[in-house]
Amino acid sequence: MPDGELADDEWHRLHPATPLLRGGLLLIAVGGFLFAQFRERLLDFVIGIADGRGQRGGGPGRDGDPLDWLIRSGYVPLALGALVLLVLVVILLFWLSWRMHTYRVTAELVEVRSGVLFRTHRKARLDRIQGVDIARPVLARLLGAAKFEVQVAGDDANVKLDYLRSRDADELRLEILRLASGVQAAKRASAGGSAGGAGGGGAAGIPGAPATASARLSGFVDDRVQEFLAPELDPNAAPPQSVVEMSAKRLVGSTIASDATLWLLLLIAGSIVTVALSGEFWILFTAVPLVLGFGSYQVRKVIKFLRYTIASTEHGIRVGYGVLATANETIPPGRIHSISVNQSLIWRPFGWWHIRINRAARSGHGGNGNQQQQQNAIVLPVGSRDDALRVLHLLLPGHDADELLPVLASGFGRDRGAGDFTTSPRRAAVLRWFSWRRNGFGYLSDAVLLRRGAIWRELVIVPFARVQSVAASQGPLTRALRLGVVDVHTVQGPISARLGALDVRDAEALFAHVAASVVTAAAGDTTHRWGVAAAAGAPPLVIDRAGAGAGAVSQEGAPASAASAADEPDSADKRVRGEPEERA
Amino acid sequence: MSDTPENPSAASAVDERRLEPVAGDWRRVSPKYLRYDLVSTAIWTVILTFAVTLPWLLSGQRIWGLLLIPVAVFITLVLVLAFTPRRVRAIGYQLRDDDLVLRKGILFHRTVAVPYGRMQLVDVTRGPIERALGLSQLKLVTAAAASNVLIPGLAEADADALRDHLVELAETRRAGL
Numbered sequence: 001m002p003d004g005e006l007a008d009d010e011w012h013r014l015h016p017a018t019p020l021l022r023g024g025l026l027l028i029a030v031g032g033f034l035f036a037q038f039r040e041r042l043l044d045f046v047i048g049i050a051d052g053r054g055q056r057g058g059g060p061g062r063d064g065d066p067l068d069w070l071i072r073s074g075y076v077p078l079a080l081g082a083l084v085l086l087v088l089v090v091i092l093l094f095w096l097s098w099r100m101h102t103y104r105v106t107a108e109l110v111e112v113r114s115g116v117l118f119r120t121h122r123k124a125r126l127d128r129i130q131g132v133d134i135a136r137p138v139l140a141r142l143l144g145a146a147k148f149e150v151q152v153a154g155d156d157a158n159v160k161l162d163y164l165r166s167r168d169a170d171e172l173r174l175e176i177l178r179l180a181s182g183v184q185a186a187k188r189a190s191a192g193g194s195a196g197g198a199g200g201g202g203a204a205g206i207p208g209a210p211a212t213a214s215a216r217l218s219g220f221v222d223d224r225v226q227e228f229l230a231p232e233l234d235p236n237a238a239p240p241q242s243v244v245e246m247s248a249k250r251l252v253g254s255t256i257a258s259d260a261t262l263w264l265l266l267l268i269a270g271s272i273v274t275v276a277l278s279g280e281f282w283i284l285f286t287a288v289p290l291v292l293g294f295g296s297y298q299v300r301k302v303i304k305f306l307r308y309t310i311a312s313t314e315h316g317i318r319v320g321y322g323v324l325a326t327a328n329e330t331i332p333p334g335r336i337h338s339i340s341v342n343q344s345l346i347w348r349p350f351g352w353w354h355i356r357i358n359r360a361a362r363s364g365h366g367g368n369g370n371q372q373q374q375q376n377a378i379v380l381p382v383g384s385r386d387d388a389l390r391v392l393h394l395l396l397p398g399h400d401a402d403e404l405l406p407v408l409a410s411g412f413g414r415d416r417g418a419g420d421f422t423t424s425p426r427r428a429a430v431l432r433w434f435s436w437r438r439n440g441f442g443y444l445s446d447a448v449l450l451r452r453g454a455i456w457r458e459l460v461i462v463p464f465a466r467v468q469s470v471a472a473s474q475g476p477l478t479r480a481l482r483l484g485v486v487d488v489h490t491v492q493g494p495i496s497a498r499l500g501a502l503d504v505r506d507a508e509a510l511f512a513h514v515a516a517s518v519v520t521a522a523a524g525d526t527t528h529r530w531g532v533a534a535a536a537g538a539p540p541l542v543i544d545r546a547g548a549g550a551g552a553v554s555q556e557g558a559p560a561s562a563a564s565a566a567d568e569p570d571s572a573d574k575r576v577r578g579e580p581e582e583r584a
Numbered sequence: 585m586s587d588t589p590e591n592p593s594a595a596s597a598v599d600e601r602r603l604e605p606v607a608g609d610w611r612r613v614s615p616k617y618l619r620y621d622l623v624s625t626a627i628w629t630v631i632l633t634f635a636v637t638l639p640w641l642l643s644g645q646r647i648w649g650l651l652l653i654p655v656a657v658f659i660t661l662v663l664v665l666a667f668t669p670r671r672v673r674a675i676g677y678q679l680r681d682d683d684l685v686l687r688k689g690i691l692f693h694r695t696v697a698v699p700y701g702r703m704q705l706v707d708v709t710r711g712p713i714e715r716a717l718g719l720s721q722l723k724l725v726t727a728a729a730a731s732n733v734l735i736p737g738l739a740e741a742d743a744d745a746l747r748d749h750l751v752e753l754a755e756t757r758r759a760g761l
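Chains A and B are the protein sequences, given in the same order.
Going by our numbering, the first sequence opens with residue 1, and the numbers climb by one from there.
Going by our numbering, the second sequence opens with residue 585, and the numbers climb by one from there.
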């Protein structure tokens, strides 16, 4: 498929198997079940005749069976007709909903229209994209389909394209991200060549429509098999030095040696003690579902991250995972609101670290609410110290590795180190028994580092450009101890950037520095059009008045947002031009 | 509550334990807000005291121990009422060049700075008592739920003017998420 064909301002349809994947399968399952039941009855019926008993001689209790009644009263053809009609209507509805479900990508927006009776029309501005997520559940993978989701800030604001052709999905993502990055058409053409080689892969041989149906079928099967066996991350898609791979041994080990396991063991020990003391054995059984649930959750987590990869691509960080059902997300630069690197005491002997991030978008894939969201925040499930540093380097682009890494590394430890951390005073030991020596803050040129915890070590990194507000607070106890608390507010997520038990003067300094840096960083931030900044070198100040809030606009008639974005340079020009006129 | 200085700027000089991240002249809320706060606290005092007295009223045998709860609640709320003037005086905000700073609280002090470019929307609301006194409260919403910036007790015209000013500032400094 030639490059750029999907993002051409035209309306496109989804994968033809979409109705099947979205709910048609249930229909088939129900049909199959009914058929199986029916076949049994049919068999009974035939055997009954052979026995010379006839259908009326069926066993007791069968009189109420509607099927028997149908056969008795001779409505069989009518019932069959109604059934066929019903199936046809359902198929027609599915087909209609597929026909009516279209999407298009323009230079400014991605739009989806869907629904037969109740039409919905959702648009998202490309410069508001928080990430692009491609998921391939097992069944969809078998059929060569993929779920596609453009993530936008806010709850349930994402634009979903379920399902696309697997290959189209990769290409569409590249296309959307390229448009969103603001790289202009000239550069796009040159980039197209390399991207076609990277993303397309096997696509080259397809055009020139195969003649026979059998050839096409075998081609389809070959494609599926190839896709299934291909590595999760195309080796051409990212430079190899930017990739972190998961070791299965470490993943399993880290899952076993986790806090959750510790709590589980404590719980089991507790219930055993209770049983021993009370002699009531049934208490043990209450723990069984808990253990099973916990076990299956952990096993699922291990399987999910078994083929985990993280890599830096032209358009941001790409995180991929999954063995049978695969998924991968691309997070463009500037969409990471805070980063937490942490390690529990159990992991310390092994030197393992875990990295999570806060993001503005809530992914809906796989449902399962909170748990899903927590997993989506994971950027590195477990990794060595070097892995963690490499991932952090990916997450904090624009830094020299030699400068950045020592600072971060000192964030892992307890000493002042290269980060020059300002730590809590000794009197803070009243509140931070073990961690007062470690509890402190440091700075990068474009981010603040908060280091805390002795048993659960954590380093929180918040880029200044993503800070929403900053607060300093003090209660009666901290006041008596001459301490203060600083809160760096980012979008909601699993990480809270709060640092307590700081010396009052240090807390004031941190507050002042963050408040000042946020303003300058936000003014110079161009990541909503990351490609432009990269191309131009110097980051220009971009005034973006249009998209207040989430950026996803539903309902018809939304081109207004595109229009206002388009005439923005004009209005800015007018303002500039207006000034001399006033003077004259 | 050992120190109760009348003047907050003197307080920072006197008490170096106090967290005072932003110096300068604070804009105070309308003096009428004190009346509003006193009235609403008094109403709450009555309602809550009555609510916790209910168990005693309803218990047939008049268990006198149950009266301890309403008494405790009443005393707490009267203390809150007594400190209301100081609490209201502690509320202040500043419109700096690039951000808005709000400070609140004496016992539990909090100062928050919100860059204008980070405002997602500005809300002005009036309750029935506030309307009678000609007051409004102004709320800034950012993409972070924790920001929680609420300026109470602004004169109606001031609140509207401040809102328009903030929206204007936010537009010229819009900075995405």
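Source of the hints: derived by calculation from the structure; they are not laboratory data.
Check before you lean on any hint, since a few could be wrong.
Said to hold, decoys possible - Pairwise CB distance ranges, derived in the manner of DEER restraints: (1) Arg715/B <-> Leu345/A: 53 to 63 Å; (2) Gly413/A <-> Glu740/B: 54 to 64 Å; (3) Ile713/B <-> Glu280/A: 54 to 64 Å; (4) Thr102/A <-> Val751/B: 29 to 39 Å; (5) Val751/B <-> Val288/A: 37 to 47 Å; (6) Thr756/B <-> Gly413/A: 40 to 50 Å; (7) Gly413/A <-> Ile631/B: 31 to 41 Å; (8) Arg611/B <-> Ala480/A: 42 to 52 Å; (9) Arg680/B <-> Arg427/A: 41 to 51 Å; (10) Arg611/B <-> Leu266/A: 48 to 58 Å.
Unchecked claim - Chain B regions said to be covered by chain A (calculated; three or more residues, Cβ under 8 Å): (11) 599-609; (12) 693-705; (13) 726-733; (14) 753-760.
For each residue, glycine too, the CB sits at the ideal point set by N, CA and C.
Is it true that the C-beta distance of Val751/B to Val288/A lies inside 37 to 47 Å, as the hint says?
Violated, at about 58 Å.
Counting residues of the segment 693-705 of chain B whose CB is closer than 8 Å to a CB in chain A, do you get three or more?
holds (count 11)
Are Arg715/B and Leu345/A spaced within 53 to 63 Å by their CB atoms?
holds, 57 Å
Go check the segment 726-733 of chain B versus chain A for me, would you? Three or more residues, Cβ under 8 Å, otherwise it fails.
holds (count 7)
Kindly confirm whether 48 to 58 Å is satisfied by the beta carbon distance between Arg611/B and Leu266/A.
holds, 54 Å
For the pair Ile713/B and Glu280/A, does the Cβ-Cβ distance stay inside 54 to 64 Å?
Taking Cβ atoms as reference, Ile713/B and Glu280/A lie about 58 Å apart, which means the hint holds.
Given a hint of 29 to 39 Å, does the C-beta separation of Thr102/A and Val751/B actually sit inside it?
holds, 37 Å
Take a look at whether the Cβ-Cβ distance between Arg680/B and Arg427/A falls inside 41 to 51 Å.
Given a distance of about 32 Å, which is not inside 41 to 51 Å, the answer is violated.
Given the range 40 to 50 Å, decide if the beta-carbon distance of Thr756/B to Gly413/A lies inside it.
With Cβ atoms ~43 Å apart, the hint holds.
Beta-carbon spacing of Gly413/A to Ile631/B - inside the hinted bounds 31 to 41 Å or not:
At roughly 54 Å between Cβ atoms, Ile631/B and Gly413/A fall outside 31 to 41 Å, so the hint is violated.
Within 42 to 52 Å: is that where the Cβ-Cβ distance between Arg611/B and Ala480/A falls?
Given a distance of about 30 Å, which is not inside 42 to 52 Å, the answer is violated.
Is the listed coverage of the segment 753-760 of chain B by chain A valid when you require three or more residues with a beta carbon under 8 Å from a beta carbon of that chain?
holds (count 6)
Checked against the numbered hints listed earlier, the structure breaks hints 5, 7, 8 and 9; every other hint is satisfied.
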